[in-house]
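Peer 1: Listed below are the residues making up each chain.
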Amino acid sequence: SSVMAELMPSDSRRCSYFFLYDGSKVKGEGDPTRDGICYFYPEETSLDKQELLCGQLAGVGRCVSELSSSPVRVLRLRRNKFAIRMKDEFFWALGCSAEVPTIRVCELLDQLINLFCFYNGSVRQSYQRNSRETLAARWAQYLSHLQSGSSELQHIFSCLRTIDSTNVDPLLLLKAALILQACQRCPLVLAGCILFRGRVVSTQMSPELTMKVMVYESENYAKVQRPNGPSTSSSFGGDVSSTTVFLTMSELQDLQSAPVDKDFRYSHSTPHKDAHPKKTRLSRTLSELAFSGSDSFGPGSSQSPQKVSLSHCLSESDNSVFSPAGSQSTADPFNPSPQPLKHQFSSGNNSEDTLYESCYHSFHSEGAGGSRIHSEGGDGSVFEENSHLSAGGGDGDTACEMMVKCGNEESCDDKVMVGESGAGNETTQDHRTDRDPPPPCPDNTDESPLVPITLYQHRVKGLVLALLVEPHFLSDTPSMEEVYHSSLASLNGLEAHLRAISPGAPGTPGPYIFAHYDSIQSTLTTNLSGRPEGAPEHPFVRATSLLHSHFSNTETLQEAIIRSAGAAVYGTSSVAHETYFQQHGGSLRNSGIPNHQDSAFSLPSKARHRLLKHGVNLL
Amino acid sequence: MTTKTSLLKVILLGDGGVGKSSIMNRYVTNKFDAHLFHTIGVEFLNKDLEVDGHQVTLQIWDTAGQERFRSLRTPFYRGSDCCLLTFSVDDNQSFLNLGNWKKEFIYYADVKEPEKFPFIILGNKLDVTERQVSTEEAKQWCQENGDYPYYETSAKDATNVAVAFEEAVRRVLAMDERTDHLIPTDTVKLHRKPRSAATCCS
Chain A
-6 SSVMAELMPS
4 DSRRCSYFFL
14 YDGSKVKGEG
24 DPTRDGICYF
34 YPEETSLDKQ
44 ELLCGQLAGV
54 GRCVSELSSS
64 PVRVLRLRRN
74 KFAIRMKDEF
84 FWALGCSAEV
94 PTIRVCELLD
104 QLINLFCFYN
114 GSVRQSYQRN
124 SRETLAARWA
134 QYLSHLQSGS
144 SELQHIFSCL
154 RTIDSTNVDP
164 LLLLKAALIL
174 QACQRCPLVL
184 AGCILFRGRV
194 VSTQMSPELT
204 MKVMVYESEN
214 YAKVQRPNGP
224 STSSSFGGDV
234 SSTTVFLTMS
244 ELQDLQSAPV
254 DKDFRYSHST
264 PHKDAHPKKT
274 RLSRTLSELA
284 FSGSDSFGPG
294 SSQSPQKVSL
304 SHCLSESDNS
314 VFSPAGSQST
324 ADPFNPSPQP
334 LKHQFSSGNN
344 SEDTLYESCY
354 HSFHSEGAGG
364 SRIHSEGGDG
374 SVFEENSHLS
384 AGGGDGDTAC
394 EMMVKCGNEE
404 SCDDKVMVGE
414 SGAGNETTQD
424 HRTDRDPPPP
434 CPDNTDESPL
444 VPITLYQHRV
454 KGLVLALLVE
464 PHFLSDTPSM
474 EEVYHSSLAS
484 LNGLEAHLRA
494 ISPGAPGTPG
504 PYIFAHYDSI
514 QSTLTTNLSG
524 RPEGAPEHPF
534 VRATSLLHSH
544 FSNTETLQEA
554 IIRSAGAAVY
564 GTSSVAHETY
574 FQQHGGSLRN
584 SGIPNHQDSA
594 FSLPSKARHR
604 LLKHGVNLL
Chain B
15 MTTKTSLLKV
25 ILLGDGGVGK
35 SSIMNRYVTN
45 KFDAHLFHTI
55 GVEFLNKDLE
65 VDGHQVTLQI
75 WDTAGQERFR
85 SLRTPFYRGS
95 DCCLLTFSVD
105 DNQSFLNLGN
115 WKKEFIYYAD
125 VKEPEKFPFI
135 ILGNKLDVTE
145 RQVSTEEAKQ
155 WCQENGDYPY
165 YETSAKDATN
175 VAVAFEEAVR
185 RVLAMDERTD
195 HLIPTDTVKL
205 HRKPRSAATC
215 CS
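First to last, the sequence lines map onto chains A and B. Using my numbering, you'd call the opening residue of the first sequence number -6 and step up by one each time. Using my numbering, you'd call the opening residue of the second sequence number 15 and step up by one each time.
Note that these hints are calculated values from the structure, not bench results. Cβ coordinates follow ideal geometry from the N, Cα and C atoms, glycine included. One should not assume that every hint holds.
In silico DMTMM-like cross-links for lysine to aspartate or glutamate, where the CA-CA straight-line distance does not exceed 25 angstroms [to be verified]:
{"hint": "1", "chain 1": "B", "residue 1": "Lys117", "chain 2": "B", "residue 2": "Asp190"}
{"hint": "2", "chain 1": "B", "residue 1": "Lys45", "chain 2": "B", "residue 2": "Asp62"}
{"hint": "3", "chain 1": "B", "residue 1": "Lys130", "chain 2": "B", "residue 2": "Asp47"}
{"hint": "4", "chain 1": "A", "residue 1": "Lys80", "chain 2": "A", "residue 2": "Glu36"}
{"hint": "5", "chain 1": "B", "residue 1": "Lys45", "chain 2": "A", "residue 2": "Glu488"}
{"hint": "6", "chain 1": "B", "residue 1": "Lys45", "chain 2": "B", "residue 2": "Glu158"}
{"hint": "7", "chain 1": "B", "residue 1": "Lys126", "chain 2": "B", "residue 2": "Glu158"}
{"hint": "8", "chain 1": "A", "residue 1": "Lys80", "chain 2": "A", "residue 2": "Glu145"}
{"hint": "9", "chain 1": "B", "residue 1": "Lys170", "chain 2": "A", "residue 2": "Glu474"}
{"hint": "10", "chain 1": "B", "residue 1": "Lys130", "chain 2": "B", "residue 2": "Asp104"}
{"hint": "11", "chain 1": "B", "residue 1": "Lys153", "chain 2": "B", "residue 2": "Glu118"}
{"hint": "12", "chain 1": "B", "residue 1": "Lys130", "chain 2": "B", "residue 2": "Glu118"}
{"hint": "13", "chain 1": "A", "residue 1": "Lys20", "chain 2": "A", "residue 2": "Asp41"}
{"hint": "14", "chain 1": "B", "residue 1": "Lys45", "chain 2": "A", "residue 2": "Asp232"}
{"hint": "15", "chain 1": "B", "residue 1": "Lys61", "chain 2": "A", "residue 2": "Glu488"}
{"hint": "16", "chain 1": "B", "residue 1": "Lys170", "chain 2": "B", "residue 2": "Glu151"}
{"hint": "17", "chain 1": "B", "residue 1": "Lys61", "chain 2": "A", "residue 2": "Asp232"}
{"hint": "18", "chain 1": "B", "residue 1": "Lys45", "chain 2": "B", "residue 2": "Glu150"}
{"hint": "19", "chain 1": "A", "residue 1": "Lys80", "chain 2": "A", "residue 2": "Glu126"}
{"hint": "20", "chain 1": "B", "residue 1": "Lys117", "chain 2": "B", "residue 2": "Glu151"}
{"hint": "21", "chain 1": "A", "residue 1": "Lys80", "chain 2": "A", "residue 2": "Glu22"}
{"hint": "22", "chain 1": "B", "residue 1": "Lys45", "chain 2": "A", "residue 2": "Asp469"}
{"hint": "23", "chain 1": "B", "residue 1": "Lys117", "chain 2": "B", "residue 2": "Asp104"}
{"hint": "24", "chain 1": "B", "residue 1": "Lys61", "chain 2": "A", "residue 2": "Glu474"}
{"hint": "25", "chain 1": "A", "residue 1": "Lys42", "chain 2": "A", "residue 2": "Glu126"}
{"hint": "26", "chain 1": "B", "residue 1": "Lys45", "chain 2": "A", "residue 2": "Glu126"}
{"hint": "27", "chain 1": "A", "residue 1": "Lys454", "chain 2": "B", "residue 2": "Asp62"}
Calculated from the model, a selection of chain B residues having no Cβ within reach of chain A, i.e. all distances over 10 angstroms [stated by the list, open to error]:
{"hint": "28", "residue": "Ser35"}
{"hint": "29", "residue": "Val42"}
{"hint": "30", "residue": "Glu118"}
{"hint": "31", "residue": "Glu144"}
{"hint": "32", "residue": "Gln154"}
{"hint": "33", "residue": "Trp155"}
{"hint": "34", "residue": "Ala188"}
Distance ranges between label pairs, derived from CB positions [what the hints assert, rightly or not]:
{"hint": "35", "chain 1": "A", "residue 1": "Ser495", "chain 2": "B", "residue 2": "Gln107", "range": "32 to 42 angstroms"}
{"hint": "36", "chain 1": "B", "residue 1": "Thr88", "chain 2": "A", "residue 2": "Thr38", "range": "57 to 67 angstroms"}
{"hint": "37", "chain 1": "B", "residue 1": "Asn60", "chain 2": "A", "residue 2": "Leu605", "range": "39 to 49 angstroms"}
Assemble the whole structure, with the sequences as input and the hints as a guide.
Peer 2: Structure below.
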């Protein structure tokens, strides 16, 4: 027990442990556990301790899985919680401090595994082809990427890092979207995104795919050379590079079914050499832009395409242009385009559609799945004989102390002041029922074939155009030149524009704080960025973390207020959004017993009123 | 001066749709796309060339002609070495607006001696048959407004495009030489970059 106590690190929001254990290497009674440890983080951990943790978690994980006939998702060990994934003989565990929301820990592990597969292909084959040392460097790189640079709130939601759209002329977001559209005129270009200094300016890909692509960007930016490093195409100078990446079938179908206007493609790809539709389209795009005013491009406008897409109305790609983060992926999954799939790998059968759907929802269901299966210390006799794993829920769980002290998320539910208002939102209910049962997406990464594809990158100083292209794009010189030359001037210009934007004064602390999370586009809008209040110990951040966890675990929960003696935070959740609001100043008339004069009860109306000007409509 | 490569910034200004982007693309990539987007804000391409023994990198800035993009484009006027005021010979209004473009440039580029600044006038779309602006009218305007060189160009069939940019380079180089010769009587050294020159002269 003292050994384990020593193992457990001090309180931290970050990943404290991560390991990949290959059970196939430890078959016989005499086989040492260390033979199965492919990678262990922190790397400086002594082998004895590595073996202890790997052996315990892998053993318990497999045991519980066999007894319950369902995969273990979360294990708690003292003050850490471990997300668990098992695939074939591989066993992954990622541990964070227990106060990190369960959904966040699971997401982090899934992202990590998916990132690895994206850049290396199947895990088994990677370990057959490469040394453990080589792949260890990659795990370390992906882990550090996933945890780097984000604000505390971004960590809570694990959202995309986007440029501060409040500070950027919306016309520039349109410019970026048009550059991407122009690249798609080449039929070998599937989709792309534009990044500036490691942040998304515009993307045509799903948030998950965009996040993966960003690793290559940041890696190149940091001038870190991979062992099988990116190949550079000399004919275009050092600013163009490419690497092979691997897409799941669902990701590939997502890209192929994205509604690219075929008339928009270069004429050699289409039988009719008629560019007229293109011209019509563009002028319409611009005129809509010109007369709708800049507000329509703010954070608020990004909501409308989603709403439409959720109500099965949006079938045209045009609207995606208007969302800062690009929402083609949101338009599609609910209304797959009937276009024939021309890709050699696509088979387009229904089972894959289903897989796609479930993959798409994996974000939402992960928390539910995790909480359902996760094993609490003491509630399963399995753990009774193993004192190391009998983690009591309540000890020192500081995340909850703001309003109530409780051991796990579930038991907090009854103490949330404004409870579930499950009454009557039929669409919401239906939608959430659809998401059940939890999709097997992450587990399927190895089963479903991974399709190699090329990630092409064109850098102009801090600006990067990243495109997913068919592998033969690189050998198709005319196509490559066309894409390069048709985008170069615009990229130069966009870079000059974005560089000229001053970082913007850190907003004066207003009378309120808010955070608005868009789970479809995986973006966060907040007035908290860059302020000292962004620290993890700030009541707003802690309350948001806790409420986000509640919303993730309790699908019927729509509104909640959480408070301490000094602060009250209101949170509201819908299918596509979560919004958090805290009002400063004014006396909190808080007697400890809820009464109608309690100022906390006015938070919902204040939030509705205040957030309208940020484009957040809670009405 | 003759051995090292200098970077010259030239900027294309003029009404939306007169063909500024097409002129730039024709000159740098020798391609023509009849259905380009409206330019949003600014864009630029570099081109290396040799004029009269001088190696130069021409940085050609293409701008959005529409009024609604004004705030995006004007910050990038500063530092220009030459301005190509462009109109379309089949659009009289674009010709009438030349004066406004010149004024806008001088104001935002913060040109200290507007009468000495090298402007070049381009009448584009020479390939179009229905002209609204005659060569004489255009030449007269150029003469009256500062004796500017005038070129009738067609980005579509590449007429006079390279010639116009080479003339731009010559004008800038000539300015530099004149500046260099002025030094003996002047205690202030004028650098070719107007940005630094501005601080020296004030």
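Peer 1: Hint by hint, note whether the structure agrees.
Peer 2: Do the hints match the structure? See the list:
1. B:Lys117 - B:Asp190: holds (23 angstroms)
2. B:Lys45 - B:Asp62: holds (17 angstroms)
3. B:Lys130 - B:Asp47: violated (35 angstroms)
4. A:Lys80 - A:Glu36: With Cα atoms ~23 angstroms apart, Lys80 of chain A and Glu36 of chain A stay inside 25 angstroms; holds.
5. B:Lys45 - A:Glu488: Satisfied, since the Cα-Cα distance of roughly 23 angstroms is no more than 25 angstroms.
6. B:Lys45 - B:Glu158: violated (34 angstroms)
7. B:Lys126 - B:Glu158: holds (20 angstroms)
8. A:Lys80 - A:Glu145: Violated. Lys80 of chain A to Glu145 of chain A sits at ~31 angstroms, over the 25 angstroms cutoff.
9. B:Lys170 - A:Glu474: holds (20 angstroms)
10. B:Lys130 - B:Asp104: violated (30 angstroms)
11. B:Lys153 - B:Glu118: Holds, at roughly 21 angstroms.
12. B:Lys130 - B:Glu118: Within the cut-off at roughly 16 angstroms; holds.
13. A:Lys20 - A:Asp41: Distance ~19 angstroms between Lys20 of chain A and Asp41 of chain A Cα, so the pair holds.
14. B:Lys45 - A:Asp232: holds (22 angstroms)
15. B:Lys61 - A:Glu488: holds (18 angstroms)
16. B:Lys170 - B:Glu151: holds (23 angstroms)
17. B:Lys61 - A:Asp232: The given pair, whose Cα atoms are some 17 angstroms apart, holds under the 25 angstroms limit.
18. B:Lys45 - B:Glu150: violated (30 angstroms)
19. A:Lys80 - A:Glu126: holds (21 angstroms)
20. B:Lys117 - B:Glu151: holds (20 angstroms)
21. A:Lys80 - A:Glu22: holds (22 angstroms)
22. B:Lys45 - A:Asp469: Measuring from Cα to Cα gives roughly 18 angstroms; hence the hint holds.
23. B:Lys117 - B:Asp104: Judged against 25 angstroms, a Cα distance of about 23 angstroms means the pair holds.
24. B:Lys61 - A:Glu474: Holds. Lys61 of chain B to Glu474 of chain A sits at ~16 angstroms (cutoff 25 angstroms).
25. A:Lys42 - A:Glu126: holds (19 angstroms)
26. B:Lys45 - A:Glu126: The given pair, whose Cα atoms are some 49 angstroms apart, is violated under the 25 angstroms limit.
27. A:Lys454 - B:Asp62: holds (20 angstroms)
28. Ser35: Violated, because the least Cβ-Cβ distance between Ser35 of chain B and chain A comes to about 8 angstroms, which does not exceed 10 angstroms.
29. Val42: The assertion about Val42 of chain B is violated, with a minimum of 8 angstroms to chain A.
30. Glu118: holds (18 angstroms)
31. Glu144: Its Cβ never comes within 10 angstroms of chain A, the nearest being 20 angstroms, so this holds.
32. Gln154: holds (34 angstroms)
33. Trp155: holds (29 angstroms)
34. Ala188: Holds, because the least Cβ-Cβ distance between Ala188 of chain B and chain A comes to about 28 angstroms, which exceeds 10 angstroms.
35. A:Ser495 - B:Gln107: 32 to 42 angstroms: holds (36 angstroms)
36. B:Thr88 - A:Thr38: 57 to 67 angstroms: Holds - the Cβ-Cβ distance for Thr88 of chain B and Thr38 of chain A, about 58 angstroms, lies within 57 to 67 angstroms.
37. B:Asn60 - A:Leu605: 39 to 49 angstroms: holds (46 angstroms)
Hint violations for this structure: numbers 3, 6, 8, 10, 18, 26, 28, 29, all remaining hints satisfied.
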